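Now for the letters of each chain:
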Amino acid sequence: MKKEEKEKTTTGFRYRLREFKAGMGPAIKELKFTLRRIRQSPLSIVGIIIIVIFAGIAIVAPIIAPPVMRDPYRIFRDGFGAEPRPPGSPVLEPIAREKGWTVHYFGTAQGQYDIFYGCIWGTRTAFRIGVLVVAISLIIGILLGSVSGYYGGIIDEILMRFTDIVLAFPGLILAMALVIALPLMWEVDVGLILIIAAAFLIPVVILRVRHMGGLGLLIGLVAALAITAYKFTVGLPPIWVWSLQLSRLDKVLIALALVGWPSYTRVIRSEVLRVRQEDYVEAAKAIGCSDFRIITKHILPNAIYSVIIMATLDIGAIVLTAAALSFLGIGAPEGYADWGQMISYARNWIFAGIENPWQYWYTFTIPGIFIFTFVLGWNLLGDAFRDILDPTLRRR
Amino acid sequence: MEQDILLDIKRLKKYYPVLGGVLRRKIADVKAVDDVSFRIFKGECFGLVGESGCGKTTLGKTIIRLLEPTAGSIYFNVPPEILEEIDKLENSKLRDERKLRELRRKYDLATYKGPKLNLVRRKMQIVYQDPTTSLNPRMLVKDIVAEPLIVQGIAKGIEARKRVIEMLYKVGLTEMHLYRYPHEFSGGQRQRIAVARALITHPEFVVLDEPTSSVDVSVRAQLLNLFEDLRKDLNLTYLFISHDLSVVECIADRVAVMYLGKIVELSDTEDLYNNPLHPYAKALFASIPVPDPTVKRKRIMLTGEVPSPVNPPKGCRFHPRCPQAMEICAQEEPILKDVGNNHFVACHLFE
Amino acid sequence: MKKNSILTVDNLKVNFYTYEGIVEALDGVNLNLMPGETLGVVGETGCGKSVTGLSIMKLVPPPGRIEEGKVIFNIKNRTLNVLELEERILRKIRGRLISMVFQDPRSALNPVYTVGDQIMEVLLHHRRKTLIKRIIDQLDKKIKEGKAGFLEKFYKKMLTIMMEDPKSDIIELTSKIPFLRGYKRLLKEEAKKEAINMLRLMRIPDPERVVDMYPHELSGGMAQRVVIAMALACNPEILIADEPTTNLDVTVQLQILYLIKRLREEFSSSIIYITHDMGVIAEMCDRVAVMYAGSIVELADVIELFKNPLHPYTRGLLESIPRPGQPFKSIPGTVPSLINPPKGCRFHERCPYAMEICNREKPKFVEVKKNHFVQCFLYQSKSSKD
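Protein chains in written order, with our numbering: chain A, 1 to 396; chain B, 1 to 351; chain C, 1 to 386.
Pulled out of the complex, with its shape left as it was, chain A reads as follows (with noise of 0.2 Å):
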């Protein structure tokens, strides 16, 4: 009888159990689909690998590379000579002999930098700067993107003009701009924040709730849009302020995301538009759906595809321009492991003399396959979604 009832619950956990087991069948099923189409491409499964092994590189960085100074970040330095030596250099420094450090595995750049230390470590550094970074741009992405690709009109105008002046800027000059531009420490009137985010917010929430979400988002859109002019304008006292700390890194982080955000919000706009057209997405207006739940549940899921993939496609392109950031000086602060930093330090050594030319080939060359070899590996697997996730190719 207990058992009975139990089973007939209608709410509670026991149902949302049962739900969730019977509604992962069909999830398992095209999961099922979708691995063996991996299979069938070896490039994708070669792309995962690397991705994989690349992971567990950075999951396992401190036991493979005990860190030596406070900031595990830090690459330690034996010594301070100028001219790097060759991978199995014994390592001389006393408190990295004691944490376990016996040789230099591949060799030490300028200044003495454990390359292979950089190395490891510097696998940390690109996975957060490259998925952050696109984290971050394709949140902007989506949601200016789905805004304006939805509601079309005076709104996708303004949004576009703003995203094609941003895009007007080369990608690599504004980076570097940005991340001199921004200062190191940085007040920021909080309290102001939440007050233009509010105003933002309430009328799209309150004429939301009587379906007429456009026009609360044109509302809300103006009162931010004057509440920033009026601050910057005719100025309002500060409300309440923090200071924020950005390392060095973190500006390399802002600059790039603010950089990115325009290409994903086109690409969602224009796949918004695609399936905005759609009969499905008719039908749920017919049904009375709310312009809210059209966007997230029914236009989204379908539009999302492309942009994952260029998403993947970019891990590997931040990455890159973030290496070509340290490596020009701008990016990761002195020391910090970062695969750009360790070839920057390669500069003066990359073409040493006329008798044995390639004698520090250590310095560039193994960093170097570090990032070429982890930016393959998003490339490749960015290849394979398009391959497995394109709705048009998926079936046959």
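By construction, these hints were calculated from the structure, which means they are not laboratory data. Please read all numbers here as calculations on a predicted model, not as lab measurements. Even glycine gets a Cβ: it sits at the ideal position worked out from N, Cα and C. Some hints could be false.
Unchecked claim - Covered stretches of chain B (chain C as the covering partner; in silico rule of three or more C-beta atoms under 8 Å from a C-beta of chain C):
#, stretch
1, 210-220
2, 285-291
To be verified - Negatives, chain A to chain B, calculated, CB over 10 Å:
#, residue
3, 42
4, 60
5, 231
6, 330
Said to hold, decoys possible - Heads up, simulated PhoX-like pairs for lysine-lysine below, C-alpha to C-alpha not over 20 Å straight-line:
#, chain 1, residue 1, chain 2, residue 2
7, A, 21, B, 162
8, C, 188, C, 176
9, C, 157, C, 188
10, C, 129, C, 188
11, C, 129, C, 192
12, B, 113, B, 13
13, C, 184, C, 153
14, C, 261, B, 296
15, C, 76, C, 92
16, B, 296, B, 282
17, A, 297, B, 156
18, B, 232, A, 285
19, B, 296, C, 192
20, C, 329, B, 232
21, C, 129, C, 157
22, A, 285, B, 10
23, B, 162, A, 285
24, A, 285, A, 297
25, B, 156, A, 21
Chains B and C: place on chain A using the hints.
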């Protein structure tokens, strides 16, 4: 026998602006639906036929407010006394504008907005032509069919699930089909899912927009039988839009023929098919290929093609192609009139 | 099959190698087409009628592959098996001897070329010699009348060479020099005139204007006429029409059907008309082949088929045509999946007359009455001796 009027459409218009020029200003209108008036009775299957570009799909979607009407009124489920009063007010010389506006705001579906409109959505639904594109490919069947209940706040959780299963059985599917994606089904089954979705809120009025055009002949009959059974079972009223005249002949009680945004003829099905009066209707019915090689039916071949609805011909829209056109046809537009026995025609030949 | 047929399809088997398995699309199709007749091929979606049409021209796209069978083309006292010819010769046949009209005129026409360009492409590819000859005759006339200048005589010389050997060095040379390659322009002008002529033949109003229009500027009916014009531009022996009017309005369909009927007489082509609409079959065809799940189940004269359908599927198909006042009848069940198709007769799962043997063996295609073929055990002795 006086039947109840479910829908009274008055002078409905749907125009699409054509933007042109450097400043993208409106230079013309695509007159997709141009001043259409008719009534649909409760419980009937009203057929709407015409060729591509005549505006039948637009008319269907505008009636249920999927598209915004440019002008005109839609009275849905309004008591006959009020309809009479509105009629009187509109036709009288001294129109009491304020009263009229008040009544319109209360009863005219074309003026509804927001939550009021949302409530009406439960009562009017649509089944699309192509079930492959009208179902969200990323949603499971159980979510697709349950969505109207959740969105309208009628039911959720286990109650919704019960209703979904009930409806699935009604359309000929089972609960085995709950946890599947649309692409795992055949065309006929997908259309059934679309029907389940449309009927789950127990609407009174369903627009069927070419529901059998994308499926095979053998499946077509199954779907048509389903529509008939559901109509009797759930007391539905249909607007059956199709370009397949032979199907409409079998399922509809009354049929209207549309041409370039206007209704040119409207009558009981048998009357219309056996005795079409309007020259376009005559040509239309005469052009259906008969599946009998021994029958040589008289063919009326029309010249030219359907003109674009942006610049419809002046006067009667059909006059450039009409084999019986007269002088007046190029100047004056004929009005849809009852020529006896509830058979309406819009043609100068019958005035 | 008959000896004087213009086209014979013999035991055609086509498989599609897809991700989900091998789709046995055609399972031994047998057809024949007599000169001057219109053969209808009717069946539902997925029965393989389009694949049959494509196979006749050896145009089956991958992952499809023609496994077995012959397509014998009997023309000008020569017999060719289309499936065994090499691409070079096939290219000469397609469009010239056998033409195809597709279902969707919008996708059959290239949107970035004008209608005229596309018809001219067909003409220039296949009827170059005829066009050149015509120009030469015109030039000759001019020369005789003494109205020809040096340029015209030169052009005539070039064109004569071109007719014989389009790849000769002289042609290559002169086509590089601007002043001397005017003869090519003449060729194009002549082709354009011919294209306008074709459009006029299709009863397209104002052909001089239409020839410079792009496909998207035309209505569905006009576009389909253009496609038919392209198909008939070279006066082919056989025209394969794959549901040419399915996407068109019913009044436009009538116009196109009449057009095809008239062209049938003017061009004396034999037509294979593929459709799913029994009404169109009754209107257009002399003989009818009914297809189900990859094979022809019945083949007969059109009047005989409608009066006396033998195969249960044909009967079901005719009964499911909606008739007012009667309930809708349909064939229960659905078309079987062609991946791992049912053994024996592919219709037996839905057949109201299915017998024990239908499950095990596939019936042979036999002539039950004069010119009336059926593939069904109901009409064969159980010993299935041919």
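Checked hints:
1. 210-220: holds (count 5)
2. 285-291: holds (count 5)
3. 42: holds (27 Å)
4. 60: Non-interface label on residue 60(A) holds, nearest chain B Cβ at 37 Å vs cutoff 10 Å.
5. 231: holds (34 Å)
6. 330: holds (43 Å)
7. 21(A) to 162(B): holds (18 Å)
8. 188(C) to 176(C): Holds. Residue 188(C) to residue 176(C) sits at ~17 Å (cutoff 20 Å).
9. 157(C) to 188(C): holds (17 Å)
10. 129(C) to 188(C): holds (13 Å)
11. 129(C) to 192(C): holds (15 Å)
12. 113(B) to 13(B): Holds: residue 113(B) and residue 13(B) sit about 18 Å apart, inside 20 Å.
13. 184(C) to 153(C): It holds: about 14 Å lies between the C-alpha atoms, which stays within 20 Å.
14. 261(C) to 296(B): Status holds; Cα separation ~15 Å.
15. 76(C) to 92(C): holds (15 Å)
16. 296(B) to 282(B): It holds: about 16 Å lies between the C-alpha atoms, which stays within 20 Å.
17. 297(A) to 156(B): holds (17 Å)
18. 232(B) to 285(A): violated (27 Å)
19. 296(B) to 192(C): Given pair residue 296(B), residue 192(C) is violated - Cα atoms ~39 Å apart, limit 20 Å.
20. 329(C) to 232(B): holds (18 Å)
21. 129(C) to 157(C): holds (14 Å)
22. 285(A) to 10(B): With Cα atoms ~24 Å apart, residue 285(A) and residue 10(B) exceed 20 Å; violated.
23. 162(B) to 285(A): violated (24 Å)
24. 285(A) to 297(A): holds (12 Å)
25. 156(B) to 21(A): holds (19 Å)
The structure does not agree with the numbered hints 18, 19, 22, 23 stated previously, though it agrees with the rest.
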